[in-house]
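Given chain Z, work out where chain V should sit, using these hints.
Residue numbers (the numbering used here), protein chains in the order written: chain Z, 242 to 676; chain V, 755 to 1048.
Incorrect hints may have been included.
[As the list claims (entries may be wrong)] Cβ-to-Cβ under 8 Å is the rule here; a few derived chain V residues that face chain Z:
#, residue
1, S794
2, L795
3, D883
4, I898
5, N903
6, P904
7, K931
8, P990
9, F1006
10, G1007
11, F1009
In case anyone wonders, no lab produced these hints; they're calculated from the structure. Beta carbons are placed, not taken as given, at the ideal position from N, Cα and C, and that holds for glycine.
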Amino acid sequence: MRTKKWFTGLLALTLVASITACSGGNKDEAASGTAGTSGTTSGNQDVTLRMMWWGSQSRHDVTLKAIKLYEELNPHVKIEPEYSGWDGYWDKLATLSAAKNLPDIIQMDAAYLGDYAKRNQLMDLTDLSLPKIDADLMEAGKVNGKQYAIPAGRNGYGMVYNKELFAEYGIEEPKEGWTWDEFFTVARDARTKLPKDKFFSIDMSKGELEYTAYQLAKGKGPLYVDEKLNLDKDTWLEWANTWRDFRKEGIVPPVDQSVADVELDAQFDNLVKGNILIKAMHAAQAGAYDGLMPGKIGVAAFPMAKEAGSWLKPTFFWTVSSVSKQAEESKKLIDWLLNDVEAGKILKTERGTPVNNDVLNSIQADLSVGDLLGKEMIDKISNNAQPFTSLPAGWTDFNKDMQSTFQGVMFNKITPEKAYEDFIKRADDTVANLQ
Amino acid sequence: MKTRQNLTGYLFISPFLIGFFLLTLFPMMQSLYFSFTDYSLLQPAQWVGTKNYMRMFTSDPTFKTSLGVTFTYVIFAVPLKLMFALLVAMLLNKNMKGMSFYRTLIYFPSIIGGSIAVAVLWKNIFGIDGFISKFLAIFGMEGIGLVSNPDTALSTLVLLQAWQFGSAMIIFLAGLKQIPKELYEASSVDGAGMIRKFFSVTLPMLSPVILFNLILGIINSFQMFTQAYVITKGGPVKSTYMYALYLYDKAFGSFQMGYASALAWVMLIIIGIATIINFTVSKYWVFYESGGDK
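Isolated chain Z, as found in the complex (with noise of 0.2 Å):
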């Protein structure tokens, strides 16, 4: 009787899990599809490697083509290659890692390195000797003074254009050291310039990117200094209060456009679609907008105020994982893919400006108009650029909390103030959950 009492018990417990579990069972599946398949062998023998970056076709597309080409120069070499859009890449990666199934090079972003780095799921890369990389570009891929990435192309934080709406009504172009007073200024001159539906800007208010701008503009340093926030009140409410002014005054597109707005998706990019003539982009992506809309991109740094706006950094990373049995072969490839002249002019720049300049110099003639778009807006800024600060290692989530606050100001469902307050609350649970 007993033994029936327990067992009906277990029945109703295995009922209500299993209905409970029906609706998360999924979520793994992305792990199986790609079991290990490193070989274990090493030196000269057959050798495995699978390779994972996330991009847009034509990245897929040349990078397919460099290995090939490196297969044929390394027959004893294999590489699989695992490649998506930006978009589901890290929840892929997430679950590689907690599968303890990363494949050997993993192209990483700043956002994530830092995470990564601190839970030992990258390779220490220091005895990977690349003389023909700058040393300012290397400073950025280490973490905690040890070279966990190395840079992938070089890139730059400015502006993108429409120069044919510029010219079509009359707004004077951005000019090399204009000024945030300058920026507000014309936004506001072409409100009467400009037809109902267009707008100077997208709402900048919705990035911490480009607040970071501005902060550095105004000489308060990035928005993390020694792995803390460092959000300076004034410049942060007279920034608010600016665009607040703005959304108003409808110099910006109504919130809801702004929110929905997807880099470079023909239906949700403003700027593709020919909505506002402006904002803020990294250099890599420069061409891409070339290729959307051929001959109308213009590029420029950040505006100005006390110090520089822009900023250079690596576009991104090349780095190994730890679990990798294949660590001088995957070396090997990262210092190919960067330093092969063969290699450069498959390339091109599809992860940003070669970090090489004999790389560089060798495909400069066969660059599209848009590849020298990227560059030249990394010449633009590197006139005058800020140091590079990337998230520290544990703010993730502050990151993604303070982007959505960003939101709530935008649909006055938080006020600048209480933001501000906002933040400093999260951040001080960041450090202390930090340990």
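Below, chain V without anything else, positioned relative to chain Z:
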């Protein structure tokens, strides 16, 4: 002899038992243990006692936000879906030529309603440049993106849930078929109209089925994930930041498996309590024909 018989019995259900112990009970107990630890998957778990639970209830604003969003969602989505399902079931219960064709026609789209593909479709229809937005623009309401505005995003997701009435509808339909014709005939003789018949015959006779659908609906809605993940990513301004999505972000976004496990257990307890309340309250409104409980 008795033990032998029992053994045979257990042997027959062993596929289930093995699956249950290995794939359900063991991971559940493991997650209970992890909920008291700091665990990033890569380093071994470190026992921290009730720290995760303390943090949740004292210093984590996102926990409250996501719980609030989820409760709001459940409170609106579940009744709406049930009412809709019942309405459709009653329409499909009519005797009409080609009824099975209509049933298939109506049931079919709603079973795929929970899929990623439909969520993507939904995103495009209700997005800033979607069909609905363009339609509203005709009436002078421009630049409205129902899923990109924090005031309307959650209601849009509720609507999508109501549209997935299919399985609840089928169960209702089966329940409706079970109601004896004599009851309707008798009430007709007594002079009851359509509405009277619905409230005095259909609803009481259907109440066990309603209870079943209600409990299932609540359990499912508390764990709502796919649509929030695909359509809104929890935004804008966390207005659709469902509890399950928060849990997922903690687990696979920032690798706080311990904290995520604690979140999961709190959710299990909440669902458990909701189910108990449902059963308790059901005594007062569910009618069993056999008269067993009443």
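Hints and how they fare:
1. S794: Holds - the Cβ of S794 (chain V) comes within 8 Å of chain Z, reaching about 6 Å at its closest.
2. L795: holds (5 Å)
3. D883: holds (5 Å)
4. I898: With a closest approach of 6 Å, the I898 (chain V) hint holds.
5. N903: holds (5 Å)
6. P904: holds (5 Å)
7. K931: Violated, about 25 Å.
8. P990: P990 (chain V) check passes; min Cβ-Cβ to chain Z is 5 Å, inside 8 Å.
9. F1006: Check passed: Cβ of F1006 (chain V) comes within 5 Å of chain Z, closer than 8 Å.
10. G1007: holds (7 Å)
11. F1009: holds (7 Å)
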